Amino acid sequence: MKKVICLIIIILLCTGLEGCKKFLNVVPIDNLSGNNFWETKADVEAFTGGIYNLLRNATMRDSRFFVATGDLRCAPANITSEHSSELYVSYLRKNDLKGLLSNTKYLKPTDTFWAITLWTNFFNVVQNANILYDQVEKMPESVLSAEDKKSYQAEAVFLRCISYFFMVRVFGNVPYYTNAFNSEALPRTNMITVLKNCNDELAAVKNDLPWTYADIAKVAVRAMRGSVIALMMHINMWEAGFDQANQLGYYTTVAALGEEIMTQSGGAYQLLPLINTYDIFRGNSKEGLFEIVQQANSAEQFLPNAVYSNYVLLKPYQPFLTSTIWYDAAFMARVYPTNVTDNRKTQWFDANLYAADGTQQMLKFVNIKQGPSTGSLQVGNQVVFRYADVVLLRAEALANLGRDNDALPVLNLIRQRAGAPDIASNGDALKSDIYYERVRELMGEGHYFYDLVRTRKAIDGNFTFSPITADGFARGAWTWPIDVTATANNPFMTLNQYWN
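According to my numbering, the sequence shown is numbered sequentially starting from 7.
No lab work stands behind these hints: they were computed from the structure. It should be emphasised that the depicted structure is a prediction, and the values quoted were computed from it without experimental measurement. All C-beta atoms, glycine included, are put in the ideal place defined by N, C-alpha and C. Possibly wrong hints are sitting among the right ones.
As the list claims (entries may be wrong) - Between beta-carbon pairs, the in silico distance windows are:
| no. | residue 1 | residue 2 | range |
| --- | --- | --- | --- |
| 1 | Val490 | Ala220 | 46 to 56 Å |
| 2 | Asp428 | Glu265 | 16 to 26 Å |
| 3 | Ser189 | Ala435 | 47 to 57 Å |
| 4 | Asn349 | Ser151 | 44 to 54 Å |
| 5 | Arg481 | Thr258 | 51 to 61 Å |
| 6 | Tyr219 | Ala251 | 35 to 45 Å |
| 7 | Leu113 | Asn468 | 19 to 29 Å |
| 8 | Ser189 | Gln250 | 35 to 45 Å |
| 9 | Arg481 | Asp154 | 40 to 50 Å |
All chains should be modelled from the sequences, with the hints used to inform the complete structure.
Encoded structure:
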């Protein structure tokens, strides 16, 4: 009987069924505590894998999460007549989320843009990560060693905290809880408090995970120590943007974490040669720190329009004469100046890099299965954090600490990998150079809008073609609407009033 109950729980996880139909009210299930929860390490492993699957559902199966919230929002992206029905591009460029979500073409409840307003999928991850952390502790050491318990609990903390981090960047303040079976309605917690709690939790378990795995299939797609460090660095940089009175402390933490991952990981991570771009974005490489796995021949395949590469390719990789989106030529010239050598221009783009007619295409994520016969099939993992990202975060933190001489050699590691000339600026010019290095290096990886927001460049027309007003920013124009269903059975819940 216990085995049957365990299998039911695993099936529910792996099919992504909602575990909290009424906001956060989760009713404890009889006989699923202590030694009755799982009987073997294989049961724990299956449950843990199910939580990673829930994270995939939240980001790559049920919505266009990274593309819509990170890549296209306030970005200088355009559509051509061939794709004139793709109205969302203009809405996202102008940060007109009200227009997007009220357009009859994107009606709820099945639309993948509307799905972003529903945070239930992320709370499913949080809920089950909390259960994993709690129940693993109760298993006898004859079944699960003390070391294994710490490792699984560290993964649970990572999965919980990355879900909270994703929600904070989209919604701002969110309800926060860590108990295994929450049964009370909760208000939204200030996002800085949420992130500080997450940072403390991650710091406590960071060293309970290995730098990497001997099994290549686990590299980057299961939480590693580098995954935790990358998340902590991003959390601290977000806090620095919104808790400005304590910025120096956050930058100091990021600089120290960056040094740790770059000097103490024993070669577990590295910048791969640019010629190995395919390996980086196929996944499981030494440059990967955390990725959402995709297996094209199974139920783990992503939603096609959740994959950025499907927006920036044309024939022979897609059955179109023009790509779905193309960037303003002025933007591309700013990011990749015409007179500056940079191998990313030729390695990641075709010859029409600066074209303004929809023939510009990015080859960065192309893989061997993409072509006219398969259309939108993209078989690589979704890279969430990679080594180049944390190298640039370290450089940014050092520059914000006024340590320009320390920041420059870190920044120039990325430049040198790209065959680009070293940067030798200082002060505010160096900070701007680091920002643009992140834009060019991480384009299409879900960071663009979030970098604009945390640095407040979202309100500066010198950095974005679609600036948010300072007043709008202060009132939450950088957030995403929260669907009204979040208030069901919860008298403490409030929505994002800028949108609602």
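Against the structure, the hints:
no., hint, result
1, Val490 / Ala220: 46 to 56 Å, "48 Å, holds"
2, Asp428 / Glu265: 16 to 26 Å, "20 Å, holds"
3, Ser189 / Ala435: 47 to 57 Å, "54 Å, holds"
4, Asn349 / Ser151: 44 to 54 Å, "47 Å, holds"
5, Arg481 / Thr258: 51 to 61 Å, "31 Å, violated"
6, Tyr219 / Ala251: 35 to 45 Å, "40 Å, holds"
7, Leu113 / Asn468: 19 to 29 Å, "37 Å, violated"
8, Ser189 / Gln250: 35 to 45 Å, "37 Å, holds"
9, Arg481 / Asp154: 40 to 50 Å, "47 Å, holds"
The structure does not agree with the numbered hints 5 and 7 stated previously, though it agrees with the rest.
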